[in-house]
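Since the structure of chain A is already known, use the hints to place chains B, C, D and E on it.
Here is what each chain is made of, one letter per residue.
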Amino acid sequence: MQATESVIYNRAGQRVVSPEYLLFEAPRTKHFMTGSEAVKEAVRRASVDASVSYPITPQSEAAHLIGELWVEGYVGVYFRGESEFGVMSEIAGCAMAGARTITTTSGPGTLRAFENFPMWAGTRIPVQLVLMARGVNSPLSIQPDNLEVGFLLDTGCMIWYAENAQDLFDMILAGFVVAEQPDVHVPVITVVDGFFVSHTREAIMLPPDDIALPPYNPYRAPMPVIDAEVPPGRFLRDPFVMKSNYISYATHASWQWEVRSAIERSRPYAKRYLKGLIEEFGDPSAELVFVACGTAAAQAKEAVRLLEDEGIKARVVKLKTIRPFPVEELKGAVKNAKYIFVPEFNVVGWLEREVRRYLYGHSDAEVIGSPRVAGGMTMPAEVIVQEVLKLTGKEVKHVL
Amino acid sequence: MSYKIYEINEDLLDVMPQEIRDLQFRATWGNPKRGVMDLPYSKELIEEHSLCAGCPESMALRYILASLPSPEDTIIVNSTGCTSLVFPHIALHTVHSLFGNQNAVASGIKRVLEWRFPDKVKDVVVLAGDGATVDIGLDCTLQSFFRQEKITTICFDNEVYANTGGQESGLTVKGHVFKMAPKGKQWDKVPFWQIAIDSGCHYVARLTVSSPKRVETVIKKAIYVAREVGPTYVHLYTPCILEIGLNSDDGLDEMRQRDKERFAFFEYVSDAAKEVIERKKEEGLL
Amino acid sequence: MMRKRVNIRMPALGGQGAVTAAHIIATAADYEGYYAVSNPFFGAEKRMAPAESYARIGLEPIFDRGEVVYPDVIMVFHPQVITMGKSYTMPFYSGIKRKGLIIINTEEDLLTDEDKERLESLDVKVLNFPATKLAIDIAGTELSTNMAMIGALFGAIGCVGLDAIEEGIKSRFLKKFVASGGTASLDSALERKFKKKLELIEKNLNTAKGAYDLAQRWAGEQGLEPFLPPPPKKVTV
Amino acid sequence: MYYVAEVINEECSKYNCKQCTLFCPEPNTLMYTDEEHHAFVVQERCKGCALCVYVCVNLLKRNAIHMIMPEVHAER
Amino acid sequence: MATLGPSGFSPYPVAVYEGVLNPPPGKALMFNEIVDEELAMREAARAMLTRANPTIFPGPQVLYAWNEEAREKAKLVKRIAQVLGAKIIPMYDYRPKYPKIDPAVEINPNHPNLTIWHNRIKACIFVGVHCHYANVALKIIRAETDCFTIAMCGMAGHEDAMITLRDQHVEEMERFIKVAEEVKKELGK
Numbered sequence: 001m002q003a004t005e006s007v008i009y010n011r012a013g014q015r016v017v018s019p020e021y022l023l024f025e026a027p028r029t030k031h032f033m034t035g036s037e038a039v040k041e042a043v044r045r046a047s048v049d050a051s052v053s054y055p056i057t058p059q060s061e062a063a064h065l066i067g068e069l070w071v072e073g074y075v076g077v078y079f080r081g082e083s084e085f086g087v088m089s090e091i092a093g094c095a096m097a098g099a100r101t102i103t104t105t106s107g108p109g110t111l112r113a114f115e116n117f118p119m120w121a122g123t124r125i126p127v128q129l130v131l132m133a134r135g136v137n138s139p140l141s142i143q144p145d146n147l148e149v150g151f152l153l154d155t156g157c158m159i160w161y162a163e164n165a166q167d168l169f170d171m172i173l174a175g176f177v178v179a180e181q182p183d184v185h186v187p188v189i190t191v192v193d194g195f196f197v198s199h200t201r202e203a204i205m206l207p208p209d210d211i212a213l214p215p216y217n218p219y220r221a222p223m224p225v226i227d228a229e230v231p232p233g234r235f236l237r238d239p240f241v242m243k244s245n246y247i248s249y250a251t252h253a254s255w256q257w258e259v260r261s262a263i264e265r266s267r268p269y270a271k272r273y274l275k276g277l278i279e280e281f282g283d284p285s286a287e288l289v290f291v292a293c294g295t296a297a298a299q300a301k302e303a304v305r306l307l308e309d310e311g312i313k314a315r316v317v318k319l320k321t322i323r324p325f326p327v328e329e330l331k332g333a334v335k336n337a338k339y340i341f342v343p344e345f346n347v348v349g350w351l352e353r354e355v356r357r358y359l360y361g362h363s364d365a366e367v368i369g370s371p372r373v374a375g376g377m378t379m380p381a382e383v384i385v386q387e388v389l390k391l392t393g394k395e396v397k398h399v400l
Numbered sequence: 001m002s003y004k005i006y007e008i009n010e011d012l013l014d015v016m017p018q019e020i021r022d023l024q025f026r027a028t029w030g031n032p033k034r035g036v037m038d039l040p041y042s043k044e045l046i047e048e049h050s051l052c053a054g055c056p057e058s059m060a061l062r063y064i065l066a067s068l069p070s071p072e073d074t075i076i077v078n079s080t081g082c083t084s085l086v087f088p089h090i091a092l093h094t095v096h097s098l099f100g101n102q103n104a105v106a107s108g109i110k111r112v113l114e115w116r117f118p119d120k121v122k123d124v125v126v127l128a129g130d131g132a133t134v135d136i137g138l139d140c141t142l143q144s145f146f147r148q149e150k151i152t153t154i155c156f157d158n159e160v161y162a163n164t165g166g167q168e169s170g171l172t173v174k175g176h177v178f179k180m181a182p183k184g185k186q187w188d189k190v191p192f193w194q195i196a197i198d199s200g201c202h203y204v205a206r207l208t209v210s211s212p213k214r215v216e217t218v219i220k221k222a223i224y225v226a227r228e229v230g231p232t233y234v235h236l237y238t239p240c241i242l243e244i245g246l247n248s249d250d251g252l253d254e255m256r257q258r259d260k261e262r263f264a265f266f267e268y269v270s271d272a273a274k275e276v277i278e279r280k281k282e283e284g285l286l
Numbered sequence: 001m002m003r004k005r006v007n008i009r010m011p012a013l014g015g016q017g018a019v020t021a022a023h024i025i026a027t028a029a030d031y032e033g034y035y036a037v038s039n040p041f042f043g044a045e046k047r048m049a050p051a052e053s054y055a056r057i058g059l060e061p062i063f064d065r066g067e068v069v070y071p072d073v074i075m076v077f078h079p080q081v082i083t084m085g086k087s088y089t090m091p092f093y094s095g096i097k098r099k100g101l102i103i104i105n106t107e108e109d110l111l112t113d114e115d116k117e118r119l120e121s122l123d124v125k126v127l128n129f130p131a132t133k134l135a136i137d138i139a140g141t142e143l144s145t146n147m148a149m150i151g152a153l154f155g156a157i158g159c160v161g162l163d164a165i166e167e168g169i170k171s172r173f174l175k176k177f178v179a180s181g182g183t184a185s186l187d188s189a190l191e192r193k194f195k196k197k198l199e200l201i202e203k204n205l206n207t208a209k210g211a212y213d214l215a216q217r218w219a220g221e222q223g224l225e226p227f228l229p230p231p232p233k234k235v236t237v
Numbered sequence: 001m002y003y004v005a006e007v008i009n010e011e012c013s014k015y016n017c018k019q020c021t022l023f024c025p026e027p028n029t030l031m032y033t034d035e036e037h038h039a040f041v042v043q044e045r046c047k048g049c050a051l052c053v054y055v056c057v058n059l060l061k062r063n064a065i066h067m068i069m070p071e072v073h074a075e076r
Numbered sequence: 001m002a003t004l005g006p007s008g009f010s011p012y013p014v015a016v017y018e019g020v021l022n023p024p025p026g027k028a029l030m031f032n033e034i035v036d037e038e039l040a041m042r043e044a045a046r047a048m049l050t051r052a053n054p055t056i057f058p059g060p061q062v063l064y065a066w067n068e069e070a071r072e073k074a075k076l077v078k079r080i081a082q083v084l085g086a087k088i089i090p091m092y093d094y095r096p097k098y099p100k101i102d103p104a105v106e107i108n109p110n111h112p113n114l115t116i117w118h119n120r121i122k123a124c125i126f127v128g129v130h131c132h133y134a135n136v137a138l139k140i141i142r143a144e145t146d147c148f149t150i151a152m153c154g155m156a157g158h159e160d161a162m163i164t165l166r167d168q169h170v171e172e173m174e175r176f177i178k179v180a181e182e183v184k185k186e187l188g189k
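Residue numbers (my numbering), protein chains in the order written: chain A, 1 to 400; chain B, 1 to 286; chain C, 1 to 237; chain D, 1 to 76; chain E, 1 to 189.
Honestly, I wouldn't trust all of these hints.
Heads up, incomplete: computed chain B residues facing chain A, CB under 8 Å, no partners named [said to hold, decoys possible]:
hint : residue
1    : PHE87
2    : PRO88
3    : HIS93
4    : ASN101
5    : ALA106
6    : SER107
7    : VAL112
8    : ARG116
9    : ASP139
10   : GLN143
11   : ARG147
For lysine to aspartate or glutamate, the following EDC-like pairs were computed, each having C-alpha atoms within a straight-line distance of at most 20 Å [unchecked claim]:
hint : chain 1 : residue 1 : chain 2 : residue 2
12   : C       : LYS4      : A       : GLU308
13   : E       : LYS75     : B       : ASP14
14   : D       : LYS18     : B       : ASP253
Don't read these hints as lab results, they were simulated from the structure. A virtual CB, placed ideally from N, CA and C, is assigned to each residue, including glycine.
Just chain A, same shape as in the assembly (with noise of 0.2 Å):
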């Protein structure tokens, strides 16, 4: 950005930098807070036009944040909607009509919300939600736990998953980067474990907030922007389902591949914008390895730490992206691996499907979906050593 001698502010005031000046070159400053105020704080500098939002827990605090930056004049239009259902309508119409667009929802928000997110899909809108995932009922929960994420998996939208609140500062910048971009240009769903990292203090590093992402140009979306001001005029923001002929099932078909094809072209942004698709952490030459992502990934860095007191080498694959899952990285990754171990935060382990299935003929290593957590439990370091020891037949030195 620097060099040029006109400098362009966004409506907020703030001087328009490029994405690569803001998230790599920009200086930081260190900062203490929850990942709800990272939320804010990204939002902040993302030269966000419009959010709607809906309280329930743990995702409120970030909605509410969002809020008051509408008051200090960063965001262009904001409310609180009816219910998930209706947010993530309204959403939808404040992204057709051109704005760039955020809210944020954990778990039964989520399925309540639900039948929006193929629609979002469908109809290109590069939209974010934050998604602060907790349990689901029955019975009622409120504590963390990723079931729904495993919901969401083929919904159309991009999945990115951030381990802590400086991960998820980054990814939201990001993924309005990589969601507008007009060859991608479908939703982004940047999930973070609900109170692992919403609630959770820790000290981040932020670019200074006079800069901000250059703003949404919804003349470059793939579909016509929903505003009168572009051609054509005879123009449905939606498939088919009327009772023409010849239309039916090619059209819808080639639709849905190209709504995925999207979430493809997506990568190389990505890998640009994230710093890659995974990132390592631990001995590389490790032959024990977790592959996981968000809190998990974090409990089994600390476990790494552990094993090692034990004389364990071992090392953490984390994935930043699930849609698109990272199959080539993970498969490097784990070249020389003989154990896979994949800590989760749910009942269903969807994430050790994932990993099945994208390694399933390109490795011969042996895929535990093991320690697994439901319900809002914790999973100490301590479980995830335990349960290594146990499975790979290693001796339990390490007292508890």
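Then chains B, C, D and E, alone, in the frame of chain A:
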């Protein structure tokens, strides 16, 4: 940008089919005094549709499309149902999203357009059936009224779920036998026009589409008031001749009968709306 | 082996400010130059119902989050945690690590012989400390109980000094945007609020300081070493 | 193959009413020509509902429009 | 032509699933190869000049005079058609038309194959079509016809086309005309 987006590049005019050229040269754009009396001569903004022969809903659509005061800057949001079979054939930006979320989508569109184009008029009009408006979409409909969204909601009340094969809806009259109410509907027709008033609409009208001119006036009032004041609601009786067992030429007669009873013309105008309507009358736009 | 990490568990009752305490503890430790993370227990904590929060302080980046299952320090904010079992873990000290520390806000000894035997076998020290009483004495309100607990913690485990504690308290109470309760206030009302806030911070600091001194003396008597080596060099801003 | 409407031009041009064109449920189908002073039907678009006949015959008591079976030709 | 089912029982080939992604800025894509734009333009012109019934499918972004660039591009589309001896069939909007399209004079993104079959088009250029609809159409064409597809895209390109040129604006289109004229001369046409 307005109707300029329909202007064909001169260099490519010769390759455009007649119906598209007609849209540029024979349709009514940029004239707030347009109305149903243009129908016999002009190119309509609705091309062709796949609704049943004789369907009163399609009459309603013709009148509404002919009456929009500023079609070039009007966004239509619709919902699932018979109406969604028509919208692809309308020469405007239209959105079909999900069944029942039309007022929510419209809220998002309206607020963003107001923010993006503070100096322009951008009308957002919701057109949906009774199932979409009052049953599955009730929450979104009412909440958009509560929030005072500046949109016009038009409900095509055919008193039945027609597109799915004739099931009872909240707006079916008591006692009427439809699928899913095999013993006859057990409870009263929902008086939604009244609920709309209580929920904050500034202009509410209930009518059949037996009089094109009346539909025109109502639609114009509803849109002008929504533009300046807040939500407006129009409740139109558009009987499903198929589901109530009438012939294709019986629709108009059916509506004329109902004009005398449960769809007798009814209009509510708030004080703020009165002011707008009077002003528009003085300007010769109503 | 010297600790690389101190995990702190704070069982309390809703309304006692345990979440705030965790936040201040982590912020103070961060300011001091350690890595630190804090979070609450994830539930719908109502007044007088069990509530719990956690703080982690360490020499290297902390990935671990969520409940502290194996704490080095347990801070019991209310006697009912023990007497009425208002705790997420039973007994309240389950998971405590060898050479750990328990601080209990109480004027009397609440532990059974069996408890004491178990804790002694793990070489865990127990500090019975009337935090609420101290808060009332110094700040004039029981609401400063959490400040007394924070002071007692750092007085006992060392590592984090009074300057850092002060920074932690200020960062908690001098938030920029306040959007709750009633309609938007007038400027004068805001000013009054702010003045009140400064007074509050002063009282809180004094309470924490009083408790800090007290606990530091106690630690000296007990021969407690600092729980962590000095902080690694870190960029603080 | 089905019935379509046909305007009886001489009869229609006696009046200046255009009512049928308004009540037709099909867009761009039943139009009016000022030059020749009568309504006319674009038969390709007519679905044969006969509402126009109801309007003209039953309501207005005129006889300017009727239903006919059109000749159908193979496509060009 | 499709032989099974009403719209062809086509297993959809999708370029990105075969590992083909859009070219980086400044480059073009020819089948699954990233090549210089010049070469791609040349091959595109050759295809249009040597295959039967070459046709340009302009989309709404160049058909309507909604901004200055569109006016300019419309002139260039006309010019390209002249140089290549190609027909122009417009994709004037994206609606699934009722009751049916006239494949002789229009193309619809929801069943573009009908127009290609009807006119026996063996090479075509997409220009000014919004990316999503171009991609939907190109996949169907790829599955159900033997037409050589060329995408002249104002943005990132269309990997489902056989040749895709990205970031094509007035300047690039003018360059394409020059290249096409050269190729035409080389071919002795």
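Violated hints, by number in ascending order, as checked against the structure:
none
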